[in-house]
Amino acid sequence: MTERRYVGVMASYDGRVALVREQYETWDAPYWSLPSGSVETGETPEAGSARELAEETGLKAPSLQLIWRTTVTVGEITSNSWNYATTVEDDTFAIADPDASVLEARWFPPTEAAALLTNLPYPPLAVPAVAYLETGQALHWTFTCTNNTWSWTTAPLHLPPTP
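Each step along the sequence shown adds one to the number in the UniProt record's numbering, with nothing skipped, and position 115 is 115.
Quick caveat, the hints were computed from the structure, so don't treat them as lab data. Don't take each hint at face value.
Quick list of simulated restraints, FRET-style, between CB atoms [what the hints assert, rightly or not]:
(1) W152 to E89: 31 to 37 Å
(2) I95 to W150: 27 to 33 Å
(3) R4 to P121: 26 to 32 Å
(4) E43 to F108: 14 to 20 Å
Note that the Cβ used here is the ideal one computed from N, Cα and C, for glycine as well.
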């Protein structure tokens with residue numbers, strides 16, 4: 001079985017949430033999403049989140065709090081992701097995405113961000129983000145795709161103890 005690792009960040013500033021408009025080859029059009037990407041070899045999920053946020057938005061995360069996890073199984077591939085929240089001190093965007101998939105970054109009120117995220121064509125990105133914006137509940141999501149049909153379950157997220 002192949003394992004892949006991903007991260008995402010819900011950055012906020014003055015009550016607004018940062019979203020990036022991205023175009024992927026497998027998507028039919030650009031969509032608004034949270035800054036996210038792959039964890040690089042030797043990198044912790046937290047470090048990967050800070051790096052992805054900086055690359056896709058130019059924003060700096062002074063601290064990160066784990067707010068949800070996902071485990072996705074599609075055939076023989078399992079993907080694990082860690083999603084963090086941060087409140088940034090400077091709201092200035094400066095996109096430096098090495099993948100060139102980010103077309104723009106913008107701030108949105110949480111309700112508008114949730115509405116935009118519902119359009120994402122990939123439920124493991126959309127469903128947890130919208131649920132967190134609507135409830136603030138930290139969960140571990142488990143997604144499975146069988147015959148192009150998605151299903152998922154949730155469980156409480158067990159956060160590491162605060163030092």
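Point to revise | Hints the structure fails to honour | key: Violated: hints 3 and 4.
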